[in-house]
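Chemist: Sequence:
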Amino acid sequence: AIRMADAQAAYNPNTRLYRFDWQANVAWGAHHFIEVPFAFDQLDNPQARGFSGDDPPRSLSAATHAAWVGFVRDGDPNHEGLPEWPRYDAETRPTMLFNDTCSVENRPADDEVSLWEGVV
1 AIRMADAQAA YNPNTRLYRF DWQANVAWGA HHFIEVPFAF DQLDNPQARG FSGDDPPRSL
61 SAATHAAWVG FVRDGDPNHE GLPEWPRYDA ETRPTMLFND TCSVENRPAD DEVSLWEGVV
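For the sequence shown, our numbering assigns the number 1 to the initial residue and increments by one for each residue that follows.
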């Protein structure tokens with residue numbers, strides 16, 4: 001994802017990066033695709049419960065949904081329910097961390113990312 005964001009930001013300055021950290025009360029916790037029911041405001045969909053568990057936070061769904069809608073509508077995911085989400089740049093790698101409390105972190109998991117440099 002970081003390499004994709006680096007490449008995208010080189011051509012489009014309105015690039016954003018996020019990581020969905022919220023852990024569901026299902027066997028696999030935080031996993032690929034877990035943000036989709038939140039982003040599309042589908043927590044009440046019975047099929048979504050397999051991903052998000054029985055009691056996902058509605059406030060996280062509202063924040064995620066509003067960010068996606070804003071980004072699609074006018075290129076800006078920022079709204080009252082989130083901290084300021086800056087545009088991505090390869091140097092500081094600002095990343096929105098979606099969780100019970102959302103935050104922006106520069107270069108999250110930098111040690112782990114460094115381990116993969118030159119490998120993939």
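Hints in this document: simulated from the structure, not taken from any laboratory. Please read all numbers here as calculations on a predicted model, not as lab measurements. Hints may contain errors.
Claimed, not checked - What follows is a list of derived Cβ distance ranges for each label pair:
{"#": "1", "residue 1": "S59", "residue 2": "A10", "range": "30 to 40 Å"}
{"#": "2", "residue 1": "A109", "residue 2": "N25", "range": "29 to 39 Å"}
{"#": "3", "residue 1": "G118", "residue 2": "A10", "range": "12 to 22 Å"}
{"#": "4", "residue 1": "E112", "residue 2": "P83", "range": "34 to 44 Å"}
{"#": "5", "residue 1": "Y11", "residue 2": "R49", "range": "18 to 28 Å"}
{"#": "6", "residue 1": "E80", "residue 2": "G118", "range": "17 to 27 Å"}
{"#": "7", "residue 1": "V69", "residue 2": "V104", "range": "36 to 46 Å"}
{"#": "8", "residue 1": "E91", "residue 2": "Q47", "range": "15 to 25 Å"}
Note that the Cβ used here is the ideal one computed from N, Cα and C, for glycine as well.
Chemist: Hint by hint, note whether the structure agrees.
Modeler: Checked hints:
1. S59 - A10: 30 to 40 Å: holds (35 Å)
2. A109 - N25: 29 to 39 Å: Once the Cβ atoms are compared, 23 Å apart, the range 29 to 39 Å for N25 and A109 is violated.
3. G118 - A10: 12 to 22 Å: Holds: the Cβ-Cβ distance is about 20 Å, inside 12 to 22 Å.
4. E112 - P83: 34 to 44 Å: Because 23 Å falls outside the window, the suggested range is violated.
5. Y11 - R49: 18 to 28 Å: violated (39 Å)
6. E80 - G118: 17 to 27 Å: violated (42 Å)
7. V69 - V104: 36 to 46 Å: violated (19 Å)
8. E91 - Q47: 15 to 25 Å: Since E91 and Q47 have Cβ atoms about 40 Å apart, the given range 15 to 25 Å is violated.
Hint compliance for this structure: hints 2, 4, 5, 6, 7 and 8 are broken, all remaining hints hold.
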